[in-house]
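Visitor: The residues making up each chain are set out below.
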Amino acid sequence: MTISPPLDAAAPSPESHEAAHANYSLTGFIIFLCSESVIFLAFFSGYAVLKLSALQWLPPGVEGLEWRTPLLYTVVLVSSSGTVALAEHFLSKGQIWGFRAFWLLSMAMGAVFLYGQAIEWRSLDFGITSGSFGSCFYLLTGFHGLHVLSGILLMALMLQRSFRPANYAAGEQGVIATSLFWHFVDVIWVLLFLLLYAWS
Amino acid sequence: MTSTAGVESRILRAPHPVPGAPDNWKRFFSFNTDAKVIGIQYIATALFFLLVGGLLAMIMRGELITPEADLVDRTVYNGLYTMHGTIMLFLFIFPVLNGLNNLLIPCMIGAPDMAFPKLNAAAFWLVPVFGVILMASFLVPGGPASSGWWSYPPVSLQNPLGHLINGEALWILAVALSGISSIMGAVNFVTTILRMRAPGMTLTRMPIFCWTAFSAQTIQLIGLPALTGGAVMLLFDLVVGTSFYRPEGGGDPVLYQHFFWFYSHPAVYVIILPVFGVFSELFPVYARKPLFGYPFVAGASLVIVGLSLIVWVHHMFPSGVPQWMRDAFMVTTMLIAVPTGIKVFAWLATLWGGKLRLNTAMLFALGGLFNFVFAGVTGIMLATVPVDIHVNNTYFVVGHFHYVIYGAATMGVYAAIYHWFPKFTGHMYYEGLGKLHFLLTFIGTSLNFFPMHPLGLMGMPRRVSSYDPEFAFWNVIASLGAFLLGVSIIPFLLNLVSSWVRGAKAPANPWNAIGLEWLLPSPPPAENFEEHVPTVISGPYGYGTGRPLVEHQDEIERALLQA
Ligand code: HEM
Ligand SMILES: [Cu+2]
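Protein sequence lines correspond, in order, to chains S and Y.
If you're matching positions, the first sequence starts at 111 in our numbering and goes up one per residue.
If you're matching positions, the second sequence starts at 35 in our numbering and goes up one per residue.
One should not assume that every hint holds.
Stated by the list, open to error - For each label pair, taking beta carbons as the anchor points, the in silico distance ranges come out as: (1) S:Asp235 <-> Y:Arg497: 50 to 58 Å; (2) Y:Asp361 <-> S:Leu165: 48 to 56 Å; (3) S:Glu230 <-> Y:Thr109: 53 to 61 Å; (4) S:Leu143 <-> Y:Thr579: 50 to 58 Å; (5) S:Glu230 <-> Y:Val163: 52 to 60 Å; (6) Y:Phe65 <-> S:Leu168: 38 to 46 Å; (7) Y:Thr109 <-> S:Trp177: 43 to 51 Å; (8) S:Arg274 <-> Y:Pro281: 54 to 62 Å; (9) Y:Thr579 <-> S:Lys203: 51 to 59 Å; (10) Y:Lys152 <-> S:Leu151: 27 to 35 Å; (11) S:Asp235 <-> Y:Pro281: 35 to 43 Å; (12) S:Phe273 <-> Y:Val110: 31 to 39 Å; (13) Y:Arg497 <-> S:Leu143: 37 to 45 Å.
Said to hold, decoys possible - Which stretches of chain S does chain Y cover? Using the computed rule of at least three CB atoms under 8 Å from a CB of chain Y, they are: (14) 231 to 237; (15) 288 to 299.
It should be emphasised that the hints constitute simulated quantities derived from the structure, not laboratory data.
Only a predicted model underlies this, so the values are computations on that prediction, with no experimental measurement involved.
Yeah, the Cβ is synthetic: ideal placement off N, Cα and C, and Gly gets one too.
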């Protein structure tokens, strides 16, 4: 055995440790997203089974869903994926204000989408207890809406973090993770839109 | 400069200070982020709930020792088996396995801790939380959930007293929290295994236990969200009055069965895969031979993951599913026997001609393997549609799965606890008490669960508190076996407590085993090797080959002896 160095030199400093752990958060987050997508898959397949086997799918008096306004809000949500990507682009070039601007814009677009959804919910003349159709509609849109809300909150957190000095110097895993989440939420919405509004 | 051994002598001599946490028993009652503390927290919590679930089982077997329903009320009996199953699965077997994962994975791959220590601690602390919620359901009006651990609608949707807070709602809440906790754990385990292995430890040099844990946790990640989704819909049906499963509103009760079994069949592999891992670790150690067919044993775990996701309908053969579905799922279910059989042959070949050392851990592993093979045969019988149509919902099924979950999985867990007890407590267990525990467990298991097979074939339905007197003979034997199993816990707990308190000091490697965890002192210091992780230079299980596992192995071993 050779002589070991003094204790303090060998002891890991807490910072280096944090950094070592931080590397894995993106891996962990991606694994989590894959897992989360299965919940949606379960809801989607439940919806499909119920719809395909239903004797009477729409509740009495309901003709179908109006799709034009929701399509408009869909466009808003989907384009926010683009603005998020732009924000990331600015971040990678070190232009922190460009990042903040587009990041905030994406948050706003998400909020507009939620607003549109709230309006739609209030205008519908069926409720969550109106048969399987009502149950599925509100569960799916509500669960997705919760994800949009979580996305906005995550983005707010990242925005706030960007004001901490030197925080974004070496690239920020949180931003990558949040934007991945946002793209995920968008893709899910497109599928949902097809299932709920286009498939009738 | 680090020492030539690549491992600081400081680490090899270290006691086990946990940074920033009390260095005594109190650390087990704190929000500690050390995987080794969390592992023991999981195992202790699980053993507590094993006692609770066991007590409920004793009451049931007490009821069943006579044909009449004379000990408890019939509705109470419904609550008993529902809670027994739920507790044993969600509060005993899953937590105890996660405890093993926490103890073993970081040490075996040379990681200082789990990838996300705080998430790890949070996942653990959810267990007592939903444990309390589930226990609280004994106290609410109407009693606990009573629709079986399947919780099939429409029975589970009845809520006769009309209270918002009822046993069924608490049951769903507890299961959902359990799911969240397991997902948090699974993200952590998978990330740790993928990203934190020691230098030189390629996937093909990873111990089988880590392969099986990885496979099991992958199943959790894919399957649990489906169950959670299904459970959310059940909760809405129960509480809000939606119509996902309510036929009155156009819902489909069989849809729930699909969600439930899409997860709950794979869940049985979440249970048995880590136990396969335990077998694969223990047999080479105690037979002094390399594991036979390592790549096949490792690969078979992944095949099992894939297959386990496409067999669930074998639980629904009598549920009015179309005939093509029955045929297809019968075939996929039988295919599972292939990778499973590969593993069994690999273990037998490992044992063959070995110098067997029959200590308590090895006895439990051998007993577990024996019971597993028996249960595999009854499993294949059940997978055959014509047989299953005859015996589904009878005691034959109950016998099958208790052979697996008690006979194989729980005995495998006992094997693991004995085998790694010296490593993580620093004390040797008492061999005599251990062997007594094994003897009582093995005899108790056989007496308790074997009679269920003839009973099922004779037609005794499950989930009943009274039965035709023609079934009495086998039921008496089963009840006696159950009480014996209850007794068997006494030497076990006695052994754990007394050897931890005053057992002989354990050396670093009491079984002459090969593996990174045995190159750490007993108990390992917090953060294991820290950053002085030895470089792995060969595959696991090099028994009798003389190949060192890591660089500078001699020096590390010498230092451990001196320490
Ligand atoms: C060769 C492997 C296996 C096969 C072919 C197999 C097959 C089956 C089949 C067809 C059933 C449905 C019986 C019915 O409900 O009518 C069943 C039930 C069950 N099996 Fe297995 N099984 C195997 C291994 C396992 C393992 C390893 C476990 C657990 C660790 C397990 C746990 C269970 C449980 C818990 C049930 C019953 C659930 C319930 O109805 O409450 N099985 N098995
Ligand atoms: Cu199954």
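Visitor: All the hints need checking, so say for each whether the structure fits it.
Guide: Hint check:
{"no.": "1", "hint": "S:Asp235 <-> Y:Arg497: 50 to 58 Å", "in the structure": "violated, 44 Å"}
{"no.": "2", "hint": "Y:Asp361 <-> S:Leu165: 48 to 56 Å", "in the structure": "violated, 27 Å"}
{"no.": "3", "hint": "S:Glu230 <-> Y:Thr109: 53 to 61 Å", "in the structure": "violated, 45 Å"}
{"no.": "4", "hint": "S:Leu143 <-> Y:Thr579: 50 to 58 Å", "in the structure": "violated, 43 Å"}
{"no.": "5", "hint": "S:Glu230 <-> Y:Val163: 52 to 60 Å", "in the structure": "violated, 37 Å"}
{"no.": "6", "hint": "Y:Phe65 <-> S:Leu168: 38 to 46 Å", "in the structure": "violated, 51 Å"}
{"no.": "7", "hint": "Y:Thr109 <-> S:Trp177: 43 to 51 Å", "in the structure": "holds, 50 Å"}
{"no.": "8", "hint": "S:Arg274 <-> Y:Pro281: 54 to 62 Å", "in the structure": "holds, 56 Å"}
{"no.": "9", "hint": "Y:Thr579 <-> S:Lys203: 51 to 59 Å", "in the structure": "holds, 55 Å"}
{"no.": "10", "hint": "Y:Lys152 <-> S:Leu151: 27 to 35 Å", "in the structure": "holds, 29 Å"}
{"no.": "11", "hint": "S:Asp235 <-> Y:Pro281: 35 to 43 Å", "in the structure": "violated, 24 Å"}
{"no.": "12", "hint": "S:Phe273 <-> Y:Val110: 31 to 39 Å", "in the structure": "violated, 60 Å"}
{"no.": "13", "hint": "Y:Arg497 <-> S:Leu143: 37 to 45 Å", "in the structure": "holds, 39 Å"}
{"no.": "14", "hint": "231 to 237", "in the structure": "violated (count 0)"}
{"no.": "15", "hint": "288 to 299", "in the structure": "violated (count 0)"}
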